[in-house]
Amino acid sequence: MTDQTPESGPRVLQRVVFPGADLDVVPLYVETNMERGAAELAAELTAEELGQTAPVPSFTAGPATAAAGENQTSVRFGDRLPAGLAAAAEPRRAAVVNAGCRASFATYFSAFPASYWRRWTTLRSVTLRMRIGGEATVILYRSGARGHSHTLETIRIDADEPVTIERTLPLAHFIDGGWYWFDVVAGHRDALLLSAEWLTLGPAARPGRLSVGITTMNRPEFVLDQLRILGDAPAVLELLDALYIIDQGSNKVREHPDFADAAKKLGDRLQVIEQDNLGGSGGFSRTMAETLRAGDSDYALLLDDDITLDPEGILRAVTFADLAKVPTIVGGHMFSLYDRSILNAFGETIAAGTWWWEHAVNTKPRHDFGRRNLRNTPWMHRRIDSDYNGWWMCLIPVKIIDEIGLALPIFIKWDDAEYGLRARDHGYPTVSMPGVAAWHVTWQDKNDGLDWQSYYHNRNRLITALLHSPRPHGGRLVAESAERQLQNLLSMQYSTAALRLLAIEDVLAGPEVLHGDLRTKMAQLREVRQRYADARGEADLDSFPPPRRKPPTNRAGTPTSKLTLLAKVAAGTLHQFRTPRPGARERPQVALPYMEARWWVLSKLDSALVSSADGTTASWYHRDRQLAADLGRRSAALHARLYREWPQLAARYREAAADLTSPRQWEQTFGAAPGEPGGR
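Everything in the sequence shown is counted per my numbering, starting at 6 for the first residue and increasing by one.
Since the hints were made in silico from the structure, they are not lab data.
Among these hints, one or two may not hold up.
As the list claims (entries may be wrong) - In silico lysine-lysine, DSS-like type, Cα no more than 30 Å apart, as pairs: (1) Lys-270 to Lys-257; (2) Lys-270 to Lys-330; (3) Lys-330 to Lys-369; (4) Lys-526 to Lys-567; (5) Lys-269 to Lys-257; (6) Lys-257 to Lys-526; (7) Lys-573 to Lys-369; (8) Lys-573 to Lys-609; (9) Lys-567 to Lys-369.
Please build the complete structure, drawing on both the sequences and the hints.
Okay, structure coming up:
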């Protein structure tokens, strides 16, 4: 472990950086091409604050650059910097604001989220330090929890050589929310920003040491991209003790022809561990166990394989954790891998009544920074507290791992949520930290609520509730599970209904089977699914007979009240007693895209061709009265038993939890893999 005694001198909290060649993410780093009206208004305000009678130069868009094509831009950075400045500046940190233009750093990656540092760390002030030259006006701003912002100071620079600006700003006013940021306005000449950073000047903990774990399953190209990113981040390498690749697939990372080249800068820090497919919980637990065994690191950073990230986020997460009041899990937000300016969620919580994931109160999902920036998004200025953070990017202090154990052995789904709740119960918070993020395939692009993963969704949700729900019988969880089961039956999704019932049966079997099921359950799920037509997908729509008619209009049928909802349930249930229409098994009645295949539409049909959420396959649903009746009877009996036995089950799972998550028990599971022990 690194000595965490305070050291004197400044500690950088957050560097202002610019993106690379990906223009889709520019709005996350710097706001350019500000509207003329807003810029002119800002210029007038600046002139008034400076006591000037003559206005500052009018604002016009800067010259077009090669990267932007015909689109005009006000800021140049990266490979568009002048050669002299590019040679003198640190990569990604310098920019030129073209003469007569304005750039705002009220952005996700550049603004300083003051309220999070105020709430969770020992800091009571922050210092902005800038190196800037040319002719520029720097305007400092702060906002409050309501999203209202105001100017703190306007600083005028006119210098041929870069000068240093340093301002120390208090954090006292940020209990509920608020950010700091700055804008740079160029005058008659270009403004040259060499660097900007938010830092603390007082004694601060020495930087913590870091182990990184990437759990992967047949995605070697994604993993190699991450190795290149980390290998090209010297500041991260200075903190890195080990990088574990937990390879659980058949398409091995180290057998890829580009592996040696991608790994060369990591040296002996890189360790590839091959093991059976134990799911995300098995892969991430292996990283935790290896980090504990090595005894060198202060933190374990868990990363999904199908992500890309900005290494600056790793530095920020480590720094935030170093300065936290108590050991704190620091999570990164998830941006869409394909629509890269969209933030999927700003914070996540568990609804105690239904025990389901929720976006944190006062937040909005799928926020697009390409359309609405931080300055104009009032809800984002309120501090958001999370119950957990997804393990696409999550920093966990080793002290927490040592105290509360490794992940629950539940393969995938809910392992990250359960860990956050477990940590919270031990007094360790989770902070989903603005400015720390990864780009990941979003949930909307997956079909995991209907495919084999529906088993894990249901089973692990129930187990997590048994362990942590404060409500008797889990609140409305059992009733809500029965309602969802009815929706699957009305929708002819019999494979999903069967897997969800298998999940309940396995929960009732008790916690003793969880470690053993890690290796065997997937084969059973595949076998169960293949019994049902709705689980058999085809990539070519021509594999099916053409549908008889056009799909119904879905919007008019969407339930808008509890009364209409109950009416549709009743109508759909009555339809199940009718004999299917002749020919429904010879040709689909309709073809429905995934987003239109709602239960209130499917419940009226006898067959339908339905596409998957990821758009790769389609399945032909058939209504089967006998099958629906059998599954319905099983569902009623199992849900009644689950409700009746809930108190005893909760006691059993809570008593077994410490052993289930212990390094000793996990080591036995890792060692049970065929082949060489440890799998290195």
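| field | Hints violated by the structure (listed by number, smallest first) | value | Violated hints (numbers, rising): 2 and 4; every other hint is consistent with the structure.
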